[in-house]
Amino acid sequence: MHTKTPLRIRIVVALIALIAPYNVVGSDPTAPYMQEFIITAYYSPVPGQCCYVRGGLLADRILNGEGHTAADGTKVYPGMLAAPSAYTFGTRVELPGLGTLTVHDRGGAIQVLDSGAHRLDIWVGEGEEGLARALAFGVQKISGRVYPLGSRQPANDFNLARLPSPMERLVPFGVETENLLALAPALGDRNLSAAILQDHLRSAGYFSQKTSGYFGSETQDALAAFITDYAIDEPSDLLTEKTAAYLLAAEKRLGSDLSIDGTIEQGASGSSTAHAQRILRFLGYYEGRTDGAYSLTLLNAILHFQQDKGLVGTAIDPGAGRIGPVTRRALSHAWNHALVMRRADKYLAMRAVEKLMDERGTNIDAFLAIGHTGPRVKLLQHLLSDRGYFPSEKINANFGALTRDAVLSYQIEKGIVTDSTSDGAGSVGPETLQSLRKEERLEAYRLVRAEGWKTL
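Counting from 1310, one number per residue, gives the positions in the sequence shown under this note's numbering.
Any given hint could be a false lead.
[What the hints assert, rightly or not] The following label-pair restraints were derived from C-beta to C-beta distances:
| hint | residue 1 | residue 2 | range |
| --- | --- | --- | --- |
| 1 | Gln1575 | Arg1669 | 54 to 62 Å |
| 2 | Arg1696 | Lys1655 | 32 to 40 Å |
| 3 | Pro1356 | Gly1683 | 16 to 24 Å |
| 4 | Pro1405 | Pro1356 | 31 to 39 Å |
| 5 | Ser1424 | Gly1382 | 27 to 35 Å |
| 6 | Asp1466 | Glu1668 | 28 to 36 Å |
Think of the hints as simulated: they come from the structure by calculation, not from any bench. Nothing here was measured: the structure is a model prediction, and the numbers come from that model. Where a beta carbon is used, it is the ideal one built from N, C-alpha and C, also for glycine.
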């Protein structure tokens, strides 16, 4: 027998249907809805950065991905989202203050949290500028509107310029800030590497502007002037390893003088004449004895140098075969340039050694602390053992209390920390990693110089 529903109950049900949210169980799955998000930012690490958030290129790529293609095959672009797997690729999320962004990527840590909030990661660029931007972004909690596929989605809208990328955020992560050859600032960059380049150009006497960290036309002009002065066949729109090596070497020679007293001619002092003989021999013009005598051999050496530099034409020109003020300045210039080239070759050899060590995995390339395990920890233990800080029989690839104590002893001896209460004590952070890498680089270079490349 059919029982008729009372009128008052039918009215209540109708009212509930009218006022209830549309997006309930069994409703349209494409309807937009509000969601709480915990949002961070990620970037694409590239070779030649001064700073990596995990200490090295490979470690940062493990954290951030290879940095060129998203999980759905889309080429990375500013504002692209990484979201939990429940979000279909192409889903758009409207985030107040940031814009409307599209999901194309995934991430191991990009999950639904126990709190009910969902994790999102925003791609904010590459290299140092991208890293600085990601660090400055931090962790933000935002309530946003989700537009699933099939809904009426708003247009993608994101402006990277809304997010700052302050260079100072990179400083705590600077492993290579003292290794100019490891940096690769280029025209248009606005980062810490460009600021470091400007400081070096200023030290060498080529850059007079305020350090801005922007590699613009003024920085390029200064770099071009340096390249021209030292006759380096390198571009001026980026810092190459060769230019960096010459720049470091030139800084070392800044202010050096020949110390040749008076005019070198018949009757000059023996010590000044001997000094001139040594310099001309170094430059490839003199092959006689270093006896302090103004001989015909020395006169001809001076003459050939003067002719090469366009100072005189023939042996009967005024000043020919004598070292006066003009020839002394030319000699000083040539001597300094030759010494810069020799020192630059040393820096380039050291850089080649370091790159080979990186390729073979014999350089530490990540920050390490208690709880870490694996090949990098094992390498650290070997390095500490070689220096007498860690017992070789205890090498086990596990960063425990023994490794922490060994790192602390190393840090105290090197002046990196004062005691166990100092920041970073017992863990391998930027300064400790920088110190270990520098020591390994120098030691490997000495081995190569003594025994050849086969030693590596």
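The hints, checked one at a time:
no. : hint                          : in the structure
1   : Gln1575 - Arg1669: 54 to 62 Å : holds, 60 Å
2   : Arg1696 - Lys1655: 32 to 40 Å : violated, 24 Å
3   : Pro1356 - Gly1683: 16 to 24 Å : holds, 22 Å
4   : Pro1405 - Pro1356: 31 to 39 Å : holds, 37 Å
5   : Ser1424 - Gly1382: 27 to 35 Å : holds, 32 Å
6   : Asp1466 - Glu1668: 28 to 36 Å : violated, 43 Å
Violated hints for the displayed structure, listed by number in ascending order: 2, 6.
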